[in-house]
Amino acid sequence: MSTINFTQVAKTYGDVRALDRVDLTVREGEFVALLGPSGCGKSTLLNLVAGFEKLSEGTMSFDGRPVTKPGPDRGVVFQEAALLPWLSVWENVVFGPKVQRISRAEYEPRATEILRIVGLENFHAALPVQLSGGMRQRVGIARAFVMQPRALLMDEPFGALDAQTRLSMQALLLDVWQSLKTTVLFVTHDIDEAILLADRVCVMTARPGRITRDIPITLPRPRTLDALTSAEFTRFKAEIMAEMRGVH
Amino acid sequence: MLNARWAKSGLAMLLPIVLIVLWQLAGHDGALAGGALPTPDRVWKAWLIWGFGTPGPMSLSPYIGNWIDAVAFSSFRVAKGFAMAIVVGIPLGIVLGWSKLAAALVDPTIQWLRPIPITAWLPISIAIYGISDFGAIFLIAIGAFYPIVVNTTQGARDVDKTWIRAALMMGASKIDILRRVVLPAALPAVFTGLRIGLGIAWTAVIVAEIVAVKSGLGYVLWDAYYVGRMDIVIADMVSIGLFGFMSDWAIVQLEFALLRWRRLQSFNA
Ligand SMILES: Nc1ncnc2c1ncn2[C@@H]1O[C@H](COP(=O)(O)OP(=O)(O)OP(=O)(O)O)[C@@H](O)[C@H]1O
Ligand SMILES: [Mg+2]
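Sequences listed follow chains A and B, in order. What the first sequence shows, in the working numbering, is residues 1 to 248, in sequence order. What the second sequence shows, in the working numbering, is residues 1001 to 1269, in sequence order.
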């Protein structure tokens, strides 16, 4: 069953055609990476699914229904984490369950577990300003996972991190995803990251924003960071780089 | 740590002490400016009597042992008027900052009424409420309302879009967003408004008590001037300064407790 479906979708901001005739299908449990240069409309596409923006043309559905507004069935992980700075780590993570009037008895063990998984069990009381960028992003991920969303929408979640932290976050995401198998739409402009994580890489171009190639990544699962140095990985990378440079 | 605090308090006291000493030394025969201004020792004596004296059956002075009454009248008026300004100003500011429609509807009116100083409201206040407590409270509320509502509106308007998106994504309702995102995000601006509003509230209470009520520090201030008791006038002024300062300090303490996240972000943390 498909979770996310775009048919001939366009999005314009005034004269700017941020997205143009986009077709995209993401199946349930699939991890799809959107890869493309800055300004090609990756965030725009993700924001349409999240319900933050309205499309201009075409149709789009999530779980078979048109998207009208944001909701907890689509967990979003933002580029700069976007935590609420006046709330502690714990309060940020349980914000969703709380506003959804889920009982404490139900969300508390779940939040405790997810914070343990992302390695923040000793930071429940910390404020976001007291955390490093990587830790903040782990709170952002925990906050999305704790809602048990039908899909995760991640907009360059590791884009602002240093190479080392980035690798460990990628390993963490692989681990968590491989055990939960949530549908993921993942925006990045890092080719390695896209190949390492995704089942499919959709390559986008700018002006107008379009998906030009949809490349299945057949690297075996479960994957670890070791996949980055395999011969197969390099083959995918070569193919994608050729695509991005416009060489066919 | 403790020493540093004492040192800071000492520094803070230095200038007032120097000024008082100079003022004392400048006076001869216990007075300054051709006898119009009493020196600190006289003010202090008058203040002690005003504060702790017991009026005898024959005493004519109205300033014996009733300082605390004047302070209480003024403070309660400020508290009530300020509370009214908060109760209306903060929620209204949040809504105006959040809703473009509400802002388009209400904001221009606020901006037109705002330049009218509280002194200009005096005749209307007296016409409606007469020489009464509520007239004073009404003036204080009006004076404090504008900075509170204007700053809260600004704070609510400046809320980071991604915070709202994050909350929507987690299933927050409109009310949740206003209460749990917009209000806390606007709080630093709200406190700016509260502090300015409180300053205006003290101005308003003195003006109101001079003109529209017959009790409190403002009333005593003018009354003492009429009977030529400049020692009481000065003691009264210092009292206003003291209580204005203490109420501001209370707000700063509250701000300190509520805005820890903000403090940790700032350069001086
Ligand atoms: N709110 C907006 N108003 C006007 N134009 C916008 C708006 N949001 C995006 N755009 C335009 O749409 C195009 C796509 O923007 P988008 O943010 O989706 O790019 P992106 O692929 O996410 O880029 P990046 O990798 O830099 O984040 C850009 O040309 C941008 O200027
Ligand atoms: Mg983007």
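Calculated directly from the structure, the hints in this document are not laboratory data. A few of these clues could be false.
[As the list claims (entries may be wrong)] Here are the computed lysine-lysine pairs in the DSS-like style, where the Cα-Cα straight-line distance is at most 25 Å:
#1 A:K54 <-> A:K69
#2 B:K1161 <-> A:K69
#3 B:K1100 <-> B:K1174
#4 A:K69 <-> B:K1008
#5 A:K69 <-> B:K1080
The hints, checked one at a time:
1. For the given pair, A:K54 sits about 9 Å from A:K69 by alpha-carbon distance, which is consistent with the 25 Å threshold.
2. Taking the CA atoms of B:K1161 and A:K69, the gap is near 15 Å; set against the 25 Å cutoff, the hint holds.
3. Annotation: proposed proximity of B:K1100 to B:K1174 holds, straight-line Cα distance about 14 Å (limit 25 Å).
4. For the proposed pair A:K69 and B:K1008, the alpha carbon gap of about 54 Å is over 25 Å, so the pair is violated.
5. Annotation: proposed proximity of A:K69 to B:K1080 is violated, straight-line Cα distance about 43 Å (limit 25 Å).
Against the hints set out earlier in the document, violations occur for numbers 4 and 5.
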